[in-house]
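Visitor: Chain residues, written in single-letter form:
Number of protein chains: 4
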Amino acid sequence: MDETIKRDDFAWFMKIPTRWIDNDMYGHMNNARYYSIYENLIMTFLGPVNGLDTGTGAIRCFTAENGCRYYDALKYPDVIDAGLRVARIGNSSVRYEMGLFAEGNDNIASSAFVVDVFVDADSERPTRVPDNFRQVLEGVMLPQSESNS
Amino acid sequence: MDETIKRDDFAWFMKIPTRWIDNDMYGHMNNARYYSIYENLIMTFLGPVNGLDTGTGAIRCFTAENGCRYYDALKYPDVIDAGLRVARIGNSSVRYEMGLFAEGNDNIASSAFVVDVFVDADSERPTRVPDNFRQVLEGVMLPQSESNS
Amino acid sequence: MDETIKRDDFAWFMKIPTRWIDNDMYGHMNNARYYSIYENLIMTFLGPVNGLDTGTGAIRCFTAENGCRYYDALKYPDVIDAGLRVARIGNSSVRYEMGLFAEGNDNIASSAFVVDVFVDADSERPTRVPDNFRQVLEGVMLPQSESNS
Amino acid sequence: MDETIKRDDFAWFMKIPTRWIDNDMYGHMNNARYYSIYENLIMTFLGPVNGLDTGTGAIRCFTAENGCRYYDALKYPDVIDAGLRVARIGNSSVRYEMGLFAEGNDNIASSAFVVDVFVDADSERPTRVPDNFRQVLEGVMLPQSESNS
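Protein chains in written order, with my numbering: chain A, 1 to 149; chain B, 1001 to 1149; chain C, 2001 to 2149; chain D, 3001 to 3149.
Hints may contain errors.
Stated by the list, open to error - Some chain B residues well away from chain D (every beta-carbon gap over 10 Å; in silico):
#	residue
1	Gly1027
2	Ala1032
3	Ala1087
Said to hold, decoys possible - Within a straight-line C-alpha distance of at most 20 Å, the following computed EDC-like cross-link-like pairs (lysine to aspartate or glutamate) qualify:
#	chain 1	residue 1	chain 2	residue 2
4	B	Lys1075	C	Asp2072
5	C	Lys2006	C	Glu2065
6	A	Lys75	D	Glu3124
7	C	Lys2015	C	Glu2065
Everything labelled a hint here was simulated from the structure, so no lab data went into it. Predicted, not measured: the structure shown is a model, and the values here were computed from it. C-beta: ideal position from N, C-alpha, C; glycine also.
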């Protein structure tokens, strides 16, 4: 993913307002905060929006790898349009690709990926992506996802 | 302030959606996060909403004291209705009183106060609350504020 | 508690180094971070230091009220000497009083109190402070605690 | 970088104790917190340890890209041994490579990279890595850094 990605390259969006504390000493949103924003996007899509249990149930999602690029500084009080797509669903893992746009701005401010592994809550060992998750994740796959990752 | 405070006891509201990371190991919004929410309420009221410069200008607001009561646990994915009033404006300080309500629930979940001191950005010494701040702050004073504080 | 409190007024100390992100846009440790520092002090005293289970066990500690005063700004890269005492142990609650000092400085930078309620993890209803907690908490009560609170 | 990286593959270490709030709802250190730990490692190496001004001076470091792999969950109350090396110094950028180890454990728990761009504080445009930074950064380059990145 790079700066050429457009809003249309994502399948699902939510609005996330920044908070005053998101800015760090440099007056921009701190880089670690981006990851909290991306995490919130994924977890909100899975849980509150699609009714999947990612919390206290038998299945948990652990992050194996993630990464982020910063093209243009977001900062409080921006409202963020956060976009999501699923690039790959493996046996026990999923690759999310995401982008953040300042409200009213079509240039992408940041792109990121997260590889989550589904684990059994008790054993903490990888487990097959359950069918109900698989169905929800497939709903936000885009034809071009793989080639851009 | 206590559990009997109502929505009508506040003069200005904004909506603040919780984020997944706001919850701590106990599955509720962490107590320190409440203070970030309250801070965001004050700073958004002053800055983006009323155009006052609380950032890089000549005047900064430093917190001298704050406190919070927790009546009912807020937690992700709650959307918070955050209410604000000003209880007292002194020569160089202001006392904010605030309350948080889960959207759709009229029982207060948490109340808090913050005493901020206005300081000169260079000297970091207290300075008189400027007239433009004073005017904005007076706009959210309520007749009953002082007696409930 | 006020600015006259000394290091000797606390019964147990730990060192907590600040992190770069603890500072906010004003270049000082953010007020909400103080609460995370105080929380870390209490939880480390109870858990890792004294072997009490505050995590996934049958007993959890929920904060009912807390408050903090800020006398002198702490900021990264300060190392904090964080001091703790217990002021009161009730049937199902405990009142902690704490202070933060910059390493090498005997003037208190911040003082705080936290009232925690012990709850049953399943019902989330208040429960009697268990004897093993009570014993640990009594170990950091000071004769003068009550009168200064 | 991968799981085979050893402590010897890093040139400089500091200890960073975890805090109770670093754990998220899953009881492990939250992925965004890793980035705050890595940031703290870089900023502490540059500022307090080597006396470089990364704060209010003429030069600031903005992150262009970062990424992290998670091999083994760190969690409070772990003390982290955080290791740093510099893999590349460009005209206006630097690539840091880092690893986190739980104290007393020689298996790497997480590895990460950060690409920082040096910018002029006023214009926020890239600027040449200053000589005093360059000298400090070269001090933690390792012969094998480039090939492992």
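Visitor: Hints first: check each against the structure and report whether it holds.
Guide: So, going through the hints one by one against the coordinates:
1. Gly1027: For glycine 1027 of chain B, whose nearest Cβ neighbour in chain D is about 6 Å away, the distance does not exceed 10 Å, so it is violated.
2. Ala1032: violated, 7 Å
3. Ala1087: holds, 30 Å
4. B/Lys1075 <-> C/Asp2072: Violated, at about 32 Å.
5. C/Lys2006 <-> C/Glu2065: violated, 24 Å
6. A/Lys75 <-> D/Glu3124: holds, 14 Å
7. C/Lys2015 <-> C/Glu2065: With Cα atoms ~25 Å apart, lysine 2015 of chain C and glutamate 2065 of chain C exceed 20 Å; violated.
In summary, the structure is inconsistent with hints 1, 2, 4, 5, 7 from the numbered list given earlier, while agreeing with the others.
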